[in-house]
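This note's numbering applies: residue 20 is where the sequence shown begins, and numbers increase by one.
Worth flagging that the hints you see were computed from the coordinates, not collected in a lab.
Yeah, the Cβ is synthetic: ideal placement off N, Cα and C, and Gly gets one too.
Be aware that a few hints might be false.
As the list claims (entries may be wrong) - Okay, the calculated beta carbon distance ranges per label pair: (1) E61 x L93: 21 to 27 angstroms; (2) S132 x S182: 36 to 42 angstroms; (3) P194 x Q220: 27 to 33 angstroms; (4) A65 x Q220: 19 to 25 angstroms.
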Amino acid sequence: MAGTLALVGGSEWTVGCEFDRALLEASGGDRVLVVPTALAYEQPAAAVARATEWFAAMGATVEVLEMYRRSDALRPDLAEQAAAARFVYLAGGSPMHLRSVLKDTPVWDAIVSGWRAGGVLAGSGEGATVLSTHMVDSRGGAFTVGLDLLREITVIPRYDAWSDDKWHRTVQLAPRGMTVLGIDERTAAVWDGAGWRIAGQGSVTAYRDGRRVELSDSPAPA
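Work the whole structure out from these sequences, hints included.
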């Protein structure tokens, strides 16, 4: 049975994201594997330092998956590191780079297998967007190819800063039956096996077939 999935709207590891404590408890451990791949060209060390300080206050240790190029995602040792993690956290940054590194690789297979075996998987900002089969392109609100974990859900992170024009475009272009989730910063849509819930300081807005729906009516992750 799949574990816990957290889709975070952005600004991960900052005040307002105290829901991370509950995610840590759900993992049953005291370690978090941070994946800073999307920040490969944007000072990943700063984000790792923030995550380390954030989780240390919760009594947890951060490990880093040093994976910045596609060749890294093909390494057996990094796949083993990912497979051993009970809590994997994908940082935000460049969704295109994260997708190109991870798609159809042993590391991604290991991350998904760990989640399906009951682990915790969190993605923030673009780290959440990229999980969808139909990934939202933040440059204009249309769609491109993602990592194929969420086949009936697509994610718009930082919805509180998203323009109305892009939001309407995304909703209009969404395939029939697909749920579009607009997730505010410092907010998470969390799936815990029993259903979806909202955590954090903001809100989650859901649309399907052009109409507003409740988050609780969203389909389960694949």
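Q: Given the hint of 21 to 27 angstroms, check if E61 and L93 actually sit that far apart at their C-beta atoms.
A: 23 angstroms, holds
Q: Kindly confirm whether 19 to 25 angstroms is satisfied by the beta carbon distance between A65 and Q220.
A: Holds, at about 23 angstroms.
Q | Range agreement (Cβ of S182 with Cβ of S132, hint 36 to 42 angstroms) | A | 37 angstroms, holds
Q) Is it true that P194 and Q220 lie within 27 to 33 angstroms of each other by Cβ? A) About 31 angstroms separates the Cβ atoms of P194 and Q220, which means 27 to 33 angstroms holds.
Violated hints for the displayed structure: none, as all numbered hints are satisfied.
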